[in-house]
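> The chain contents come next:
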Amino acid sequence: MSVIDGSWTERAREYLGRRLPATNLLPDRQPYYVGSWVYVFGVVTIAALVWVILSGMVLSFFGPQWWHVSGVGRFFNGLHFWSVQLFFVFMVLHLWGQYFAAGWRDGRAKTWMAGVVIFLVSIVAAFTGYVSQQNFDAQWIAVNAKDAMNSVGAGAFFNVLNFGQMYGIHVVLLPLAITFLVGLHVLLVRMKGVVKPIGYDRKVTR
Amino acid sequence: MDSPAGYLHLGFILISYPNLIVIGGMIVLFAVALLAPFHGVGGKGDKS
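Protein chains in written order, with the working numbering: chain A, 1 to 206; chain B, 1001 to 1048.
Bound-form chain A, shown alone (with noise of 0.2 Å):
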């Protein structure tokens, strides 16, 4: 056995069960604190997003003309769209939740700037949905957005009339990014623990 003593796979084992305890991982307790509807937002935006996920793995399967012409085609298009409005919209909500309670206090600066990093991405890939639609709000948006790339000189990197390169970077490359950054950014809330309200050491022991 002492052959194996000191491989990497031992020592990734012990430095991730010393980093992940299962405890932390799939905690059965949450403090006091997180006892309110804030904290669900999070999870409610990981909801959207599992929608968003599945609903455009059904779109990519049929294609363009049936998401267009067909009434189920319609109904996951639109299942779609939704499921990316509910998801921004309580990102922002639990933005706004973490920002006002300081959310990268105690050592949580990674996760804060993991979920920027979220936020920001998931604004590309809904830029490169909208160009992806294949209709002429499509295009409209996308002949103004090449413009808009080209004064800051990424033209030459995202040409966002090629139907091509925004449907494959959509459907592929930045849903791996984020379902990846979401992992990620659950993984540090757990080893870290959700951050305690400002002021709560102080009210607890006075």
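I should point out that these hints are in silico values taken from the structure, not numbers from a laboratory.
In this text, all values refer to a predicted model and were calculated from it rather than measured experimentally.
Using N, Cα and C, we set each Cβ at its ideal position, and we do this for glycine too.
All the pointers check out, no bait thrown in.
Selected chain B positions facing chain A (in silico; Cβ < 7 Å): (1) Met1026; (2) Phe1030; (3) Ala1033; (4) Ala1036; (5) Phe1038.
Once you've looked at the hints, dock chain B against the given chain A.
Chain B alone, transformed into the frame defined by chain A:
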């Protein structure tokens, strides 16, 4: 549905009514989340 949205124009503030309704709704929802009692919390001996 096909007509363009109306806009609120107050000095430098220019916002469409649909966007204003969404933002207003979000502020109301945020206030409700802060004030509404959460189920299972608030009873005696639940300060752990």
